[in-house]
Amino acid sequence: LAKTTQPISMDSYEGQEVNITCSHNNIATNDYITWYQQFPSQGPRFIIQGYKTKVTNEVASLFIPADRKSSTLSLPRVSLSDTAVYYCLVGDRNNQGGKLIFGQGTELSVKP
Amino acid sequence: DTEVTQTPKHLVMGMTNKKSLKCEQHMGHRAMYWYKQKAKKPPELMFVYSYEKLSINESVPSRFSPECPNSSLLNLHLHALQPEDSALYLCASSPGGEKLFFGSGTQLSVL
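Going down the list, the sequences are from chains A and B.
Residues in the first sequence are numbered from 1 upward in steps of one, following the working numbering.
Residues in the second sequence are numbered from 113 upward in steps of one, following the working numbering.
These are calculated hints, taken from the structure and not from any lab test.
It cannot be assumed that every hint is accurate.
In silico contact screen, one side only, chain B against chain A (beta carbon under 8 Å); selected entries [unchecked claim]:
| no. | residue |
| --- | --- |
| 1 | I168 |
| 2 | N182 |
| 3 | Q219 |
Beta carbons are placed, not taken as given, at the ideal position from N, Cα and C, and that holds for glycine.
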């Protein structure tokens, strides 16, 4: 299983763009990268998933360099409601019921 | 229906009690998960069911007993728990890969 490493915490202000980087040096060929957001006392919520280059949806963008050993979640113009813990997971997208392990996550604090 | 429903939302039990946590999904997902989460820590994998069969047990103590009666339901039976088992218990389902749909969890307190 590819282990992930993220910064423990980050601070930002409303309206700024936030970039959270995840390191996954031993990512396998079949692995995809998935990011989750978690608010206190709630289950994590899927944000975005990608394999290479760039993926964008209505919430965020995911940038993955050619070597795929890291990825960056980009949150445009954050608001106070984006204060949460963000996790990246790496795993085989074709694996049904595989072992999905959460790393330590990044606690993002957005200030007014 | 894109929800995973967990009941109860809160549970307080003594160390000699027997209780069960329930999880339900109607998205047709064939993989279901139990995670345990302590405050300020990431979710910790406990069990995985794939096509209603237990496929992964992360060396969880036998006082936790999972059950998958059918493809939509997942139970976690609790017996003789310890105070250190107090945590948020999360259920998730998956259509495949690492895309997980989580319920809101059961906040468990063991007295």
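Fill in: Which numbered hints fail
2
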